[in-house]
Amino acid sequence: MGFSVAVKEIMLDKITFSAGEKVFIEGHRGISSYSPEETVVRITGGTVTIRGEALEICEMNADELLVTGRISGVERRKKGE
Amino acid sequence: MNRKEKPFLNLLGSEGKPGIFAGKAEIYVEGSPAYALNLLTCGGIKVRDVGIDGDKMRLSITEAELPLAEKILGENDRTYRVVKAGGIRRRFPEFLKRYALIAGILISCAFTCVYGTLVAEVEIRGNALVSEEVIAAAVSEYVETPSLFAYPDLESIEKAVLRCDGVAYAKVTREGKRIIVEVVEELPETEVTDTQSPVPLLARESGVITRIVTLRGSAVVECGDSVKAGDVMIAPYVSAGENEPVPVRAMGIVEAKVTRSEQIEYADEEAFTERAAADIEARKEEFCASLAEYEIFVGSSFNVKKLDKSITVSIYYEVITRIS
Chain A
1 MGFSVAVKEI MLDKITFSAG EKVFIEGHRG ISSYSPEETV VRITGGTVTI RGEALEICEM
61 NADELLVTGR ISGVERRKKG E
Chain B
1001 MNRKEKPFLN LLGSEGKPGI FAGKAEIYVE GSPAYALNLL TCGGIKVRDV GIDGDKMRLS
1061 ITEAELPLAE KILGENDRTY RVVKAGGIRR RFPEFLKRYA LIAGILISCA FTCVYGTLVA
1121 EVEIRGNALV SEEVIAAAVS EYVETPSLFA YPDLESIEKA VLRCDGVAYA KVTREGKRII
1181 VEVVEELPET EVTDTQSPVP LLARESGVIT RIVTLRGSAV VECGDSVKAG DVMIAPYVSA
1241 GENEPVPVRA MGIVEAKVTR SEQIEYADEE AFTERAAADI EARKEEFCAS LAEYEIFVGS
1301 SFNVKKLDKS ITVSIYYEVI TRIS
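Protein chains in written order, with my numbering: chain A, 1 to 81; chain B, 1001 to 1324.
Hints are computed from structural coordinates only; laboratory data are not their basis.
Just so you know, these numbers come straight off a predicted model, no measurement behind them.
Incorrect hints may have been included.
[As the list claims (entries may be wrong)] In the DSSO-like style, the derived pairs of lysine-lysine whose C-alpha atoms are separated by at most 30 Å in a straight line are:
1) B:K1097 to A:K78
2) A:K22 to B:K1177
3) A:K79 to A:K22
4) B:K1046 to B:K1056
5) A:K78 to A:K14
6) A:K78 to A:K22
7) B:K1257 to B:K1177
8) B:K1071 to B:K1056
9) B:K1046 to B:K1071
10) B:K1097 to B:K1071
11) B:K1257 to B:K1228
12) A:K22 to B:K1046
13) B:K1171 to B:K1159
14) B:K1257 to A:K14
15) B:K1257 to A:K79
16) A:K79 to A:K14
17) B:K1097 to A:K22
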């Protein structure tokens, strides 16, 4: 899998991804945008962009988020970048 | 925002489908998906299976959270449509997939239980003298075949079979769908002949003996002797050398030439006067035919007596017959 950014720990947030099929984010701050091709999630101090195909938010609550689909990349951006 | 310590695998593993009776509601929301999702999740609602269906966003929540979700979406002017997921139309294929095997097993078990109560036939063993119909009739008082849900009282059937004439013992068992009746029949009564009491063999009729066979006892007459009815023909003892005679019940076969007579009266004179001779001949042939019970027809004579209104024919004949 050719991830553009391999994000393990971002401050208090925790992002875990596995086998290019799932991305699990704890401590998110909401969703900026959602489409089956690209999902942008706000985290503390920036955003995480998940790209791929047939992206679905499998489960989501105020704190946790699980995105599934054929994930081709996860990109983290800090504020101001 | 409060961070809740929740096991990672809980959420990852929660993508499995809920049980068929778990309340689940599906909502279609128009407008910005991200905004609606943030509204719902910030309101404390856990959303699942979020996807895009055309220009609408589709998501699932629990039915318990549906009122709150509707309130949140309504207050924020979101256009939405609730699709109940608990309907039989949606659940039936899932039910078939998941529970068809269980249903099949349950149906098989039920069929096996019902089949176990079937009584299809009655098998009767050990009878030779008592007919099967008699025993089957006794059994049918308690169980008809074939019948389902039959739990016949085997002990009562045994008693009913024992009441049949000629049955000494009965045992009734059930093997699967068969009722097996095993019987032991009473032995037929055997005639016990007293051979020790000294009883002589007497002549039943008068005649001249033509043949005598002594089976037990001592003959006191021989062929050519004349005997009268009641005469002793075989004495009730057996001599054994110089010892005392041994008393026995006499037995044997004695045949003798016996004379018999018969008178036949023909009432219609006109009809038989002219034909008397022919009738007598016919009668003779008739006698010959009817004397089949006698071994030998010896001879006969006829005496025709003509009366006013009838003809009397006297017939005399001799037969060799058994007089013992």
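Right, here's what the structure says about each hint:
| no. | hint | in the structure |
| --- | --- | --- |
| 1 | B:K1097 to A:K78 | violated, 48 Å |
| 2 | A:K22 to B:K1177 | violated, 60 Å |
| 3 | A:K79 to A:K22 | holds, 25 Å |
| 4 | B:K1046 to B:K1056 | holds, 19 Å |
| 5 | A:K78 to A:K14 | holds, 15 Å |
| 6 | A:K78 to A:K22 | holds, 22 Å |
| 7 | B:K1257 to B:K1177 | violated, 69 Å |
| 8 | B:K1071 to B:K1056 | holds, 19 Å |
| 9 | B:K1046 to B:K1071 | holds, 15 Å |
| 10 | B:K1097 to B:K1071 | violated, 35 Å |
| 11 | B:K1257 to B:K1228 | holds, 12 Å |
| 12 | A:K22 to B:K1046 | holds, 18 Å |
| 13 | B:K1171 to B:K1159 | holds, 9 Å |
| 14 | B:K1257 to A:K14 | violated, 137 Å |
| 15 | B:K1257 to A:K79 | violated, 151 Å |
| 16 | A:K79 to A:K14 | holds, 17 Å |
| 17 | B:K1097 to A:K22 | holds, 27 Å |
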